[in-house]
Amino acid sequence: MKIREIKELLNIEPITCSDKQDVDIKYAFASDLMSDVLALVNNDVVLITGLINIQTIRTAEMKDIKCIIFVRGKVPDENVIELAKQNDICILCTKQIMFNTCGLLYSSGLQGAEINK
Amino acid sequence: MIENEAIKLHYDIISGDYLKGGEASSNIKKALMQLGIGNSIIRRVCVASYEAEMNIVIHSYGGYMEVKIYEDRIEIIAADTGPEIKDIKLALTEGYSTATEGAREMGFGAGMGLPNIKNTCDDLQIDSAHGDNTIITMKIYF
Chain E
1279 MKIREIKELL NIEPITCSDK QDVDIKYAFA SDLMSDVLAL VNNDVVLITG LINIQTIRTA
1339 EMKDIKCIIF VRGKVPDENV IELAKQNDIC ILCTKQIMFN TCGLLYSSGL QGAEINK
Chain S
307 MIENEAIKLH YDIISGDYLK GGEASSNIKK ALMQLGIGNS IIRRVCVASY EAEMNIVIHS
367 YGGYMEVKIY EDRIEIIAAD TGPEIKDIKL ALTEGYSTAT EGAREMGFGA GMGLPNIKNT
427 CDDLQIDSAH GDNTIITMKI YF
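If you're matching them up, the sequences are chains E and S in order. Under the working numbering, the first residue of the first sequence carries the number 1279, and numbering increases by one thereafter. Under the working numbering, the first residue of the second sequence carries the number 307, and numbering increases by one thereafter.
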C-alpha cells in the first residue's frame, strides 16, 4: 500500500515528507512501547503509535521505518517533526484511535509485521 | 598478539537527557552506513546501542558509549558511573524493570532493554560487580 493510499484511506495530510507518497509499504506494527518495536520489527513497516515524543522518531530511525501514523488526535512538537524530516520519515496524524486505524488499514490489505519471535 | 582496531567511535551520554538520548546511536548508524556495512548488521548494532544508550540515560549517573570495529566483528561498550545493577540475572528477565515514570512516558521502561540487547548480540558481557559502575560489552560478528 502506498503512503498516498494510507493518507486517502484515513483522510489525512502528511505533516512531513509529502514527496514520499509513492513509497510502498506492505506491513504494519502498532505499539506505544518502543522496546517492542526495537525487539520485534524485522521488515519495512508503517508504525502506528500514540507516542509522539522524539524517541519514537529515534526508534523509527534505528529500524529504517519510513512512515509513522500518530493516532488519537496527537500532534508532535516541532523538535519531533524536524528530526523526522532530517531522517526522511513521513508523519501522518489521525484523530482515529489505534484500533480503528489498524482495522481500516488491515481491511485494505496491509498485513501485520512478521515479528522476530 | 594485540588485535588491530580499524575504527573507534566515542560518545559521552548524559543522564536524564531524553531529548538527546539516541543521538549517539544515530551517529553510530550513520558512521556504519558510510563504512558500507550491511543493513542487517547495522540494524542489530542499532538495537543494541540504542537500548544500551537509553539505559545509561534512564538508569545511570551518566557515562559513555564506544564502538570498535574489527575485521570480524563490531564491539559496543556502554559504560556508566553507577549505580550498579544489583541483580544482573533479574535485570535480564523480560518484563523486570526499575525504570521511572519519565522513562515509561518515552516508550521505555517495560523491562525489555537488556533482554533485547541479549537477543540481538552474539555475545554480551555485563560487569557490574566491582564498585558501583556498570560496563556492558556487546559483540556482533560479521
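Some clues are possibly wrong.
As the list claims (entries may be wrong) - Incomplete in silico selection of chain E near chain S, CB under 8 Å:
no.	residue
1	D1310
2	T1334
3	M1340
4	D1355
5	S1385
FYI, nobody ran anything at the bench for these hints, they're computed from the structure. Glycine residues also receive a C-beta, built at the ideal position from the N, C-alpha and C atoms.
Hints and how they fare:
At its closest, the beta carbon of D1310(E) sits 6 Å from a beta carbon of chain S; the interface hint therefore holds under the 8 Å criterion. A cut of 8 Å between beta carbons decides the hint on T1334(E): the least distance to chain S is about 7 Å, and the hint holds. At its closest, the beta carbon of M1340(E) sits 4 Å from a beta carbon of chain S; the interface hint therefore holds under the 8 Å criterion. This hint is violated: D1355(E) has a C-beta 11 Å from the nearest C-beta of chain S, more than the 8 Å allowed.
Violation of the interface hint for S1385(E) is found here, the shortest Cβ-Cβ separation to chain S being roughly 27 Å, above the 8 Å cut-off.
Comparing the model with each numbered hint stated earlier shows that hints 4, 5 do not hold.
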